[in-house]
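Residue numbers (our numbering), protein chains in the order written: chain U, 6 to 426; chain P, 6 to 426.
Just so you know, not all the hints are guaranteed correct.
If chains are identical, the list can't say which one is meant, so a pair holds when it fits in one copy or spans any two.
Claimed, not checked - Straight-line Cα separation of at most 27 Å, DSS-like style, residue types lysine-lysine; simulated pairs:
#  : residue 1 : residue 2
1  : K72       : K345
2  : K153      : K92
3  : K72       : K158
4  : K9        : K40
5  : K364      : K72
6  : K153      : K100
7  : K158      : K86
8  : K40       : K153
9  : K86       : K153
10 : K153      : K9
11 : K355      : K218
12 : K72       : K229
13 : K319      : K345
14 : K72       : K153
15 : K158      : K40
16 : K158      : K100
Derived by calculation from the structure, the hints in this document are not laboratory data.
One letter stands for each residue in the lines below.
There are 2 protein chains.
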Amino acid sequence: MQSKEHIVIIGGGFGGLHAAMALRNTNIRVTLIDKRNFHLFQPLLYQVATGGLSPADIATPLRTVFKRYRNIRVVLGTVRKVDLEQKLVYLERQKFSYDKLILAAGASTHYFGKDQWAEVASGLKTIEDATTIRSRVLSAFEMAELEKEPNIKAALLTFTVIGGGPAGVEMAGAIAEIARITMRCDFRNINPSLARIILIEGNERILSAYPEKLSVKAQKTLSKLGVEVLTGAYVTGIRQGTLTLKSANGSRSIASQTLIWAAGVKAASVSAILAKHYNLITDHSGRIIVNPDCTIPDFPNVYVIGDMAHFQTKGKDMLPGVAPVAMQQGRYVANHILKKKTGPFKYTDKGNLAVIGRKSAVAFRGNIKLSGAIAWILWIFVHLLFLVGAENRILVAIQWGFNYVTFGQSARLIVNNRNAC
Amino acid sequence: MQSKEHIVIIGGGFGGLHAAMALRNTNIRVTLIDKRNFHLFQPLLYQVATGGLSPADIATPLRTVFKRYRNIRVVLGTVRKVDLEQKLVYLERQKFSYDKLILAAGASTHYFGKDQWAEVASGLKTIEDATTIRSRVLSAFEMAELEKEPNIKAALLTFTVIGGGPAGVEMAGAIAEIARITMRCDFRNINPSLARIILIEGNERILSAYPEKLSVKAQKTLSKLGVEVLTGAYVTGIRQGTLTLKSANGSRSIASQTLIWAAGVKAASVSAILAKHYNLITDHSGRIIVNPDCTIPDFPNVYVIGDMAHFQTKGKDMLPGVAPVAMQQGRYVANHILKKKTGPFKYTDKGNLAVIGRKSAVAFRGNIKLSGAIAWILWIFVHLLFLVGAENRILVAIQWGFNYVTFGQSARLIVNNRNAC
Chain U
6 MQSKEHIVII GGGFGGLHAA MALRNTNIRV TLIDKRNFHL FQPLLYQVAT
56 GGLSPADIAT PLRTVFKRYR NIRVVLGTVR KVDLEQKLVY LERQKFSYDK
106 LILAAGASTH YFGKDQWAEV ASGLKTIEDA TTIRSRVLSA FEMAELEKEP
156 NIKAALLTFT VIGGGPAGVE MAGAIAEIAR ITMRCDFRNI NPSLARIILI
206 EGNERILSAY PEKLSVKAQK TLSKLGVEVL TGAYVTGIRQ GTLTLKSANG
256 SRSIASQTLI WAAGVKAASV SAILAKHYNL ITDHSGRIIV NPDCTIPDFP
306 NVYVIGDMAH FQTKGKDMLP GVAPVAMQQG RYVANHILKK KTGPFKYTDK
356 GNLAVIGRKS AVAFRGNIKL SGAIAWILWI FVHLLFLVGA ENRILVAIQW
406 GFNYVTFGQS ARLIVNNRNA C
Chain P
6 MQSKEHIVII GGGFGGLHAA MALRNTNIRV TLIDKRNFHL FQPLLYQVAT
56 GGLSPADIAT PLRTVFKRYR NIRVVLGTVR KVDLEQKLVY LERQKFSYDK
106 LILAAGASTH YFGKDQWAEV ASGLKTIEDA TTIRSRVLSA FEMAELEKEP
156 NIKAALLTFT VIGGGPAGVE MAGAIAEIAR ITMRCDFRNI NPSLARIILI
206 EGNERILSAY PEKLSVKAQK TLSKLGVEVL TGAYVTGIRQ GTLTLKSANG
256 SRSIASQTLI WAAGVKAASV SAILAKHYNL ITDHSGRIIV NPDCTIPDFP
306 NVYVIGDMAH FQTKGKDMLP GVAPVAMQQG RYVANHILKK KTGPFKYTDK
356 GNLAVIGRKS AVAFRGNIKL SGAIAWILWI FVHLLFLVGA ENRILVAIQW
406 GFNYVTFGQS ARLIVNNRNA C
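Only chain U is shown next, with the shape it has when bound in the complex (with noise of 0.2 Å):
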């Protein structure tokens, strides 16, 4: 017999698929409410960008993680409203009560207030950014093949990632390659391989949160694959095909066509609708805090999890906003849902990756750093091990197979988005 308990779960990110899972051929009922039809595996999206992995291959329909547990259902919907009061969420058309809710909405791409950069400046957390930027960087080659003005041609040809975290280091150096390696033979007026592509950070260094030493191998692996890398740099102005930089050398402007925003995240815009109804306290990137349980002051029964929720303990760092963060407490609420755990959520480090390009990537756990050809096989399979599904493990080992031997990306597909221009 199903006992009334009833868990609605908000988000098929890291965090909410790991709590359904955990809580999977339980007696509790479990309503999971995502507004895609999909688990997006997002650390290898930036190879979609550049045309490597097909999206497919690296979502899984969520219904088919959860067919054979009738506890589970799936509801493709957006949330309007929560009311935690009442234990009450509303989609556009129905709601749901729920006797416990786990927040873990995730996050989108943050412009520090200047969302009109959006327009011009695609950022990469879902499929269509990702297809929106295949789409742009492969047209810009194209446009540049056919241009015959020298300036307009260069500004085609050059490339900007901003953001020197280890989305747009990955990004920067995967534009790096499909220009060098992948297309350097597929033109006939331009040399693709004369691409600029440039990184921006605004610390003194990229890869800040890795150790120094790392952040050092990572630049120059970056600058012999031809990337430059402008740290100490912020962006003040973008408009369609130029950007303003200002450093501590005063300010510049640089022409490029296809410009790229891995600068930042914030919560999920639920999040702030949530925080101003309840008085809750929201960090500089709208996430909630959360209580050492991961539940919110005053509701004991709502968890945030993942990068929806500021989870801190004393005298340390806010815990970072990557997957194995939203997994382990996704598994933590479920089981504080079943008393399994009474204590505080405790998140192991299982250490960090970031790949830079072919047989290059860097890693470090606690004092132990990598680099180089094993850190990029760490990568490798940590990413097969990680991804949902077997298909498409064996799909992503194979294209990467191909894409190593031939240098090729054989998804490179210029097709039309809502969002592409």
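With chain U held as given, fit chain P onto it using these hints.
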């Protein structure tokens, strides 16, 4: 040394691709113009539309195909005008002069004067068509899961394919399979296997170009899959959510949320523009009537091939709009240009194949007729053989293996297209 002869090919489909390939490594300069940056294997498009394959699995970047052949240049652009007297092809901003021209721009969906139907009843000619249909089919199930009103729910679970040729038969069979098999356990409020799938054909039998025995086989197999086949029925009206039909029994209307148009194609728009300017004769689908050597009257340096051409040998039927005709014509005109061939084009009919569902297809070649599992295995091998690129062949084979064993279709993503509703 390169000769001065310059061949322009418009279109990188089966005809244009095979013409260009036959001209590779010769002393002829070739410019291949296409509005898309990839060759698309259209015969498998219906599998993208039902989530069995990803777009990139059946698409190959044209630049990848030709990168090593320096006498071939690929240009991404849309042809605006062709001046046969001045021998000039105009794109948006460029023009190209040619000595010989190969027109191979293919076909688009034909609504027989009812272009307003396009918005509601998507055709299946492009990647975007396929992802639009995929999103609509999957969204209909998702909306039905949340719908309470029985009439609306029934319309959401009714899928209508208009046109009982090979494309319509394959599409109807594939929708029946995802409803009855793949998604059988995916929902909690609806039973997808109760979905209605309707196939409408104006002729007295489906697959009317096939031997009657195979039409009967195909109809029986579709019925077993639960597809309602309505023959001798014409669509007289289409609105969002409804279509009206006329048959010998009178008129009727069907409430159906998802409509797919597989009832006809017409030659690419460049065909009509040329025909008007140069008094060329076209058939009712806008195909240009060509000479026995695939040239057009008065212009022996202009070839028209594939779905743009109406090719007829005296006393015989017009050649059908299928890939093998286009491929053979492409190779023929290339050899005609190279003066390796001088006589008229002769089509070698290697047979026809249409798949209906799991372990079921129909095939014929002359008097040899096949159906069932044997035809299905033949279909698999032929399609893998003609896919472009080893990587795509392996990826498709693996996904078919998984789909067969797991009864799944893992690319079931709902994404935003410009055309999606």
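ask   = Are the CA atoms of K158 and K100 at most 27 Å apart within a copy, between copies, both, or neither?
value = This pair counts as between: shortest inter-copy Cα distance 18 Å, intra-copy 53 Å.
message = For K72 and K158, with the copy left unspecified, which applies at a CA distance of at most 27 Å: within, between, both, or neither?
response = between (51 Å within a copy, 21 Å between copies)
ask   = 27 Å Cα cut-off: does K364 pair with K72 within a copy, between copies, both or neither?
value = between (38 Å within a copy, 25 Å between copies)
key: Identical-chain pair category, K158 with K86, by Cα at 27 Å   = between (48 Å within a copy, 25 Å between copies)
key: Homomeric proximity label, K9 with K40: Cα distance no greater than 27 Å   = within (26 Å within a copy, 58 Å between copies)
ask   = Is it within, between, both or neither when you check K158 against K40 at 27 Å Cα-Cα?
value = between (40 Å within a copy, 20 Å between copies)
task = Can you give me the call for K355 and K218, within, between, both or neither, at a CA distance of at most 27 Å?
result = For K355 and K218, only the intra-copy Cα distance (19 Å) is at most 27 Å; the inter-copy one is 64 Å.
task = Can you give me the call for K153 and K9, within, between, both or neither, at a CA distance of at most 27 Å?
result = between (70 Å within a copy, 23 Å between copies)
inquiry  = One pair to classify: K40 and K153, alpha carbons no more than 27 Å apart. Within, between, both, or neither?
reply    = This pair counts as between: shortest inter-copy Cα distance 20 Å, intra-copy 45 Å.
query = Is it within a copy, between copies, both, or neither that the alpha carbon of K72 lies no farther than 27 Å from that of K345?
reply = Within one copy only: 25 Å inside a chain, 59 Å across chains, cut-off 27 Å.
task = State whether the alpha carbon distance between K319 and K345 is at most 27 Å within one copy, between copies, both, or neither.
result = So K319 and K345 pass the 27 Å test inside one copy only (24 Å; across, 82 Å).
message = Treating 27 Å as the Cα threshold, decide for K72 and K229: within, between, both or neither.
response = Intra 47 Å, inter 25 Å, cutoff 27 Å: inter-copy only.
In summary, this structure violates none of the numbered hints.
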